[in-house]
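Starting from the structure of chain F, add chain Y where the hints point.
2 protein chains.
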Amino acid sequence: MRFTSEQRLDDGVLERGFTLGEIPGILWTPGSASAPAPLILLGHPGGLHKMYPRLAARARISAAEGYAAATIELPWSGDRPRSAAAEEARADLRRALEAGEPVDDEIVDRLVLPLVDKAVPEWRAALDALLSLPGIGGPVGYAGGVIAIGIRLAVVEPRISAALLFAGSFVPRTLFEEARQVTIPLQVLLQWDDEGNDRQMALDLFDAFGTEEKTLHANMGGHTGVPQFEGEDGNRFFARHLK
Amino acid sequence: MRFTSEQRLDDGVLERGFTLGEIPGILWTPGSASAPAPLILLGHPGGLHKMYPRLAARARISAAEGYAAATIELPWSGDRPRSAAAEEARADLRRALEAGEPVDDEIVDRLVLPLVDKAVPEWRAALDALLSLPGIGGPVGYAGGVIAIGIRLAVVEPRISAALLFAGSFVPRTLFEEARQVTIPLQVLLQWDDEGNDRQMALDLFDAFGTEEKTLHANMGGHTGVPQFEGEDGNRFFARHLK
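So the protein sequences, as listed, match chains F and Y. When we follow the UniProt record's numbering, the leftmost residue of the first sequence carries the number 1, and every step to the right adds one. When we follow the UniProt record's numbering, the leftmost residue of the second sequence carries the number 1, and every step to the right adds one.
Bear in mind the hints are in silico, worked out from the structure with no lab data behind them. A virtual CB, placed ideally from N, CA and C, is assigned to each residue, including glycine. None of the hints are false.
The following label-pair restraints were derived from C-beta to C-beta distances:
id, chain 1, residue 1, chain 2, residue 2, range
1, Y, L131, F, G196, 44 to 52 angstroms
2, Y, D79, F, P158, 50 to 58 angstroms
3, F, T19, Y, G210, 46 to 54 angstroms
Extracted from the complex, chain F is given alone in its bound form (with noise of 0.2 angstroms):
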């Protein structure tokens, strides 16, 4: 891991810009900080130039509590190299999308489990370079979006104790047989009339989740429209699995 950049913001958090291998990510440390800090790793559906705004918000209101938070690019996203097949599988996605029909499963399968198959190595390959850093100590969490990588993470990765997961993509037939696996607490966000993804599959994978400590906070709005007062929630839920 190697640091590329570094700025402090308004508030005091250390914002550091690093590359683990190829891998683009950003760091956010609270300004002060006496004990080691728990670790969230923020998820995102990939393009961190864009994702930016969003994901320093989300830091920020974790570093407001004491939390560090960490986010890496996704595969095949931002500056990143592209796939050609997940190219291709995304183009299948938006023709169906766009024509109103079904999405295929087959076509959920070829753009969503490359990805978790790719990503899921990198964010372990990333927690152990973040906890190896000075002033960053486990438990760790995983809060965001792409809710199959989520889960993936949540079954193979001891290390992460809990997590705030966005029911707000596709998820293949065969990540619901993984989540009945998962037996970390998790507070599961849905925008209840989120344009790109369906309502009844979102509550069918809450059903699904093999924890007890499970809880669905369901809002109105599209998928962008997560009410401010769920950055509080979710801290709230680290500190009852975190601390």
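This is chain Y only, laid out in the frame that chain F set:
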């Protein structure tokens, strides 16, 4: 309104029993308050004695944040005179549930509609009396069960500014129509595995509410298993809308 008992609880909350005509009730007020306290009406399924521990616990959580809280006995419950029609409807419901049969809309109508018709004017009369007391001022919230009563109150009582509703009881079809007229902010609690509650009906009802400011909190477990943190979440919901 006539006070019939008074005790100071260990956290300084003043608990007073009262009667309003033939209706018994309880009022809790914060130990110290500089300004008139906003008021939260605590709904429940009937039977003040049996419900007392849960109601008092909720009232104390509210009082800690500066809210007064009050409840009244429901018609045909607790020490109030019984209704033969209500008893019959309840027996029919029990028979259907024990036989594992779907519950007829007709039974739900007979059970719930007369209760709503009688209880809502009583709640409004209680509100008149409570708001005339020194130290209690608007705004007013409603929190609790018998969601059908909460719906009707939210529609007809303009002094109620926000409602925290517990989706844990049967709702007549006609109340779904009234739900579309609700425009105040709502937070709806759903116990995912509530044995006496139809999950899909609860989700349909959440969908039906006319307000754009509605949030659903679903948690695992049965009817009485609402996690403790939802008490504080409820306070924060009211803090956003009653202060």
